[in-house]
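Residue numbers (our numbering), protein chains in the order written: chain A, 1 to 257; chain B, 258 to 617; chain C, 618 to 709.
Please keep in mind that the hints were generated in silico from the structure rather than gathered at the bench. Accuracy of the hints is not assured; some may be wrong.
Okay, derived cross-link-like pairs now, DMTMM-like style, lysine to aspartate or glutamate, Cα gap no bigger than 25 Å in a straight line [as the list claims (entries may be wrong)]:
1) Lys14(A) with Glu672(C)
2) Lys151(A) with Glu238(A)
3) Lys14(A) with Asp698(C)
4) Lys512(B) with Asp427(B)
5) Lys14(A) with Asp638(C)
6) Lys14(A) with Glu704(C)
7) Lys512(B) with Glu493(B)
8) Lys696(C) with Glu238(A)
9) Lys299(B) with Glu93(A)
10) Lys481(B) with Glu353(B)
11) Lys14(A) with Glu655(C)
12) Lys14(A) with Glu45(A)
13) Lys298(B) with Asp440(B)
This structure is a prediction, so every number in the text was calculated from the model and none was measured.
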Amino acid sequence: MTVDEPALHQVGDKTPSLLQTGEHDLCPGCGEPVAIRLLLETLTELGLTASTIGVVGIGCYTAFSRTLDVDLVQALHGRAPSVATGVKRMQPEKFVFTLQGDGDMVNEGLQEVLHTAARGENVTCVLLNNGVFGETGGHMTATSVLGQRTKTSLEGRDADYHGYPIVIGDLLARLDGAAYIARGSVQSAGAVARTKRMMRRAFESQLAGEGFSLMEVLTMCPTGWFVPTAEGPTYMDETLGQVHVMGELKGGKSSPS
Amino acid sequence: MTKGLMEGSEAMAEAAIACGCRFFAGYPMTPFTELLENFAKKLPAVGGVCVNAESELEAVGMAWGALATGARAATGSTGQGLSLMQESFSEITLAELPLVAFNMARGQGDYFQSTRGGGHGDYRHIVLAPMDIGEAVELTQLAFHLAELWRNPVLVQGDYLLAHTAEAVDVVPIDFGPLPDKDWAVDGSGGGTGRSKVISPLGIGKHNTPGPGIEGQQQAVAAKLARIAGVEPRAESGFLDDAEHIVVAFGTPAKFVRYAVRRLRDQGLPVGYIRPITLWPFPTDAVAEAAAGMSSVLVFELNAGQMIDDVRLAVLGRAPVRSIGGISTDHSGFGVGPLLDVEVIAGRIEGAATEKEVMA
Amino acid sequence: MAGRRRGNAVRVVVRGTVRVDTEACKGCELCIPACPPEVLVMSTDVNQTGYRYPELLPGCTGCRACLDVCPDFCFEVYKYDHPMEVEVAPAP
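Next comes chain A alone, as it looks inside the complex:
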């Protein structure tokens, strides 16, 4: 560096402006904070800061209900979609999202998200999918893939014993009430950029009153996957990412319908 400081400008925010603090106790290498940054930046960029009500499920991400600087309703495990329905019906001009994990949405709350989508409720469900129940210590969920080792599938998920995973985005895309369904991931900068574009389209779909939208984001859980943090992205590419494939499933420019 020279004695005179060269002119420079900051690129991006260190911490999203809609977080009261960036500190959290989620594991090293967890993908959930990365996905949550995308959600918050998209809210800010769309000017929704003062007209958003979020409904938070139960999982590791629940810790963010303490730090998200957005008006929130804390729901029970699996039950955010029905709460979001009640919120949106009473405040239809507000932007309403849910923040749920795969155990929350696809195990406990499968019925809730299916019916909310079928009804075409004008809300956006954001799914953080890491293929495990992270908060309870790494157990199998309905999205865990065949062969995936978890504390309740120690030898690897076996179709005969444990059954098959549910690919929730594909399931919801078949419902007429679902307007925009997309799946992204956060294991690389490229994936993050692509996911952010899809997240924005999901939010715009709600703003346009098109119906139900789902933004699924695959996140790394090195703790629940029993891999070193640096191997999270590779593990995601080789396991979850093979079954839960990135892309727009419905309603986007690149999707089939």
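Given chain A's structure and the hints, the job is docking chains B and C onto it.
For chains B and C alone, coordinates are given in the frame of chain A:
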């Protein structure tokens, strides 16, 4: 005012709407279904929303969301459906949301579920048990008022008879007094201010605006429930001055009991009655006072013996407490059985009162 | 690391720089492979929590890939108004 002939289900829906209820969600189940139908018919006309939810769990969840925005919202079912809602009931109580829930029960076997709280944790709902449709119109509105006054759920305990018979009633909005502002409600405007809100059973609050924490929240709600128990018990009684026996009953069967008591008094039997109107908080002091000096305290309820526990706790051995009720329902299990008959009830009261050996 | 050799030194284009919140870092190392010019390396020191943290070598382009993938919001990313060239001594 001209009274109209109205079925109980319609009258309660009218009463709820008259006092500002603008959201209802429910799942059809006998004998609650007509209450849902009436909300579905009447709410859109006043700009409200009624959702026929796909399950009872989703119904209470939707009401939860509507309540969080500050709207007056309700849900309901019969006992079985309310069983499904219990986790949400517990947590809504901790989150201090003013839910009104209707139980159009099959008989009176839901007393424990309603008063002990069928879910987990230290929670209670205020439970109001109307005797007839006229009282239901008043207590439905009182339910919404008390729910907001205390920020605690209130259950309206009805049954098949209440929902499915018709009486001449006049549904007039009742003003029960001032209520605090709903400054806790969310509307999105807190976003980005550093003072955004979270409505949560956990009591954790936000980083900038911390709450009392999980234990603190539970203790605060428990303390509030103790204050409610001090001021909200309600009961109605008659003929206590010269009674040697009293009959305790709640809900629609209590009307049969009152009628039987009057008949027996005309025949010379010194009997009175006391009718809890709040099942929780149970009118312990009023029942204890009524029981003082009685030769027997007779409990009539259409179940295997539930309210009798609260009666015994109130009487505390000062008088013998005896059940003269029992399980009695129709062939479909929905409600009205052979025991709900003035002749039968009068016979049981008389038999118990004149019997030499009385079991406490 | 790309650059032009001049004698024994390498000249590297620097378009940006980062400031790392080393105490917030949990040592997950996701930023290391995410950096396209490969100018992040983990330290040998540890922070107060016991984690190693990323250190910046010359050649940052200000692309913010590190910021995008970091779960703990450790990065401030800056872009120089005008790119610079710096000389970097070759590794021993």
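A quick look at each hint next to the structure:
Between Lys14(A) and Glu672(C), the direct Cα distance comes to roughly 16 Å. Compliance with the 25 Å bound is thereby established for this hinted pair. Our distance criterion of 25 Å between C-alpha atoms is met by Lys151(A) and Glu238(A), whose separation comes to about 19 Å. Between Lys14(A) and Asp698(C) the alpha-carbon distance is near 19 Å, which keeps this suggested pair within the 25 Å criterion. A threshold of 25 Å between alpha carbons decides the hint, and for Lys512(B) with Asp427(B) the separation of about 20 Å falls inside it, so the pair holds.
At most 25 Å may separate the alpha-carbon atoms for a hinted pair to count; Lys14(A) and Asp638(C) meet this at roughly 9 Å. Of the pairs offered as hints, the one joining Lys14(A) and Glu704(C) is violated, with about 29 Å between alpha carbons and a cut-off of 25 Å exceeded. At roughly 11 Å between alpha-carbon atoms, Lys512(B) and Glu493(B) fall within 25 Å of each other, so this suggested pair holds. For the proposed pair Lys696(C) and Glu238(A), the alpha carbon gap of about 35 Å is over 25 Å, so the pair is violated.
At most 25 Å may separate the alpha-carbon atoms for a hinted pair to count; Lys299(B) and Glu93(A) meet this at roughly 23 Å. At most 25 Å may separate the alpha-carbon atoms for a hinted pair to count; Lys481(B) and Glu353(B) meet this at roughly 10 Å. At roughly 20 Å between alpha-carbon atoms, Lys14(A) and Glu655(C) fall within 25 Å of each other, so this suggested pair holds. This hinted pair checks out: Lys14(A) and Glu45(A) have alpha carbons roughly 16 Å apart, not beyond 25 Å.
Between Lys298(B) and Asp440(B) the alpha-carbon distance is near 31 Å, which puts this suggested pair outside the 25 Å criterion.
Against the hints set out earlier in the document, violations occur for numbers 6, 8 and 13.
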